[in-house]
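Asks: Here is how the chains run, residue by residue.
2 protein chains.
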Amino acid sequence: MNSIKILGLVAATLTTISFLPQVVQSWKTKDVKGISLPMYTIFTFGVFLWLMYGLFVKDLPVILANSFIFIFASLILILKIKYR
Amino acid sequence: MNSIKILGLVAATLTTISFLPQVVQSWKTKDVKGISLPMYTIFTFGVFLWLMYGLFVKDLPVILANSFIFIFASLILILKIKYR
Numbered sequence: 000m001n002s003i004k005i006l007g008l009v010a011a012t013l014t015t016i017s018f019l020p021q022v023v024q025s026w027k028t029k030d031v032k033g034i035s036l037p038m039y040t041i042f043t044f045g046v047f048l049w050l051m052y053g054l055f056v057k058d059l060p061v062i063l064a065n066s067f068i069f070i071f072a073s074l075i076l077i078l079k080i081k082y083r
Numbered sequence: 000m001n002s003i004k005i006l007g008l009v010a011a012t013l014t015t016i017s018f019l020p021q022v023v024q025s026w027k028t029k030d031v032k033g034i035s036l037p038m039y040t041i042f043t044f045g046v047f048l049w050l051m052y053g054l055f056v057k058d059l060p061v062i063l064a065n066s067f068i069f070i071f072a073s074l075i076l077i078l079k080i081k082y083r
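Here the protein sequences come in this chain order: A and B. Each step along the first sequence adds one to the number in numbering that gives the first Met the number 0, with nothing skipped, and position 57 is 56. Each step along the second sequence adds one to the number in numbering that gives the first Met the number 0, with nothing skipped, and position 81 is 80.
These are computed hints drawn from the structure, not numbers from a lab. Using N, Cα and C, we set each Cβ at its ideal position, and we do this for glycine too. Careful, some of the hints might be misleading.
[As the list claims (entries may be wrong)] Mimicking EDC-like on lysine to aspartate or glutamate, the simulated pairs with C-alpha atoms at most 16 angstroms apart in a straight line are:
| no. | chain 1 | residue 1 | chain 2 | residue 2 |
| --- | --- | --- | --- | --- |
| 1 | A | K32 | B | D30 |
| 2 | A | K79 | A | D30 |
| 3 | B | K4 | A | D30 |
| 4 | B | K32 | A | D58 |
| 5 | B | K79 | A | D58 |
[Stated by the list, open to error] Quick look at which bits of chain A chain B covers, simulated, 3 or more residues with Cβ under 8 angstroms:
| no. | segment |
| --- | --- |
| 6 | 1–14 |
| 7 | 25–34 |
| 8 | 52–66 |
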């Protein structure tokens with residue numbers, strides 16, 4: 000694997016796992032007032048479309064990254080709606 | 000342009016602009032307690048790497064989307080550090 004591919008993989012891994020601390024914090028503290036509902040509504044839907052796009056073009060990294068981000072973003076959106 | 004490319008463009012546009020309501024809300028309310036600092040630290044760095052990746056592979060949609068997301072994520076990160 001060349002170094003540019005590795006750079007892309009590291010970028011995808013970081014942007015994917017970054018949502019996990021937000022899920023844990025919102026879950027534990029139930030403080031979601033500062034989180035934007037329009038952001039997570041638009042973002043979660045956009046990530047779902049990314050996932051569809053990845054499935055259509057059969058791009059495994061796009062499918063994998065967006066599957067995880069979709070789960071994390073959905074959880075944050077659910078916590079936001081539940082505790083707002 | 001075929002419909003799969005349009006799907007990808009819509010997905011990229013939605014995930015990019017979704018961060019704008021969060022920037023506006025955090026700016027106006029100064030309530031950033033519910034926002035995860037580790038999330039935006041890791042995410043902003045990851046988006047920066049995505050931008051580098053886009054520049055290396057000369058992919059204009061990746062460059063454009065990640066330039067805007069980088070600006071929005073940086074602003075949220077700055078507001079989080081300022082008002083925490």
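Asks: Decide, hint by hint, whether the structure agrees.
Replies: Hint check:
no.: 1; hint: K32/A / D30/B; in the structure: holds (7 angstroms)
no.: 2; hint: K79/A / D30/A; in the structure: holds (9 angstroms)
no.: 3; hint: K4/B / D30/A; in the structure: violated (38 angstroms)
no.: 4; hint: K32/B / D58/A; in the structure: violated (37 angstroms)
no.: 5; hint: K79/B / D58/A; in the structure: violated (34 angstroms)
no.: 6; hint: 1–14; in the structure: holds (count 9)
no.: 7; hint: 25–34; in the structure: holds (count 7)
no.: 8; hint: 52–66; in the structure: holds (count 3)
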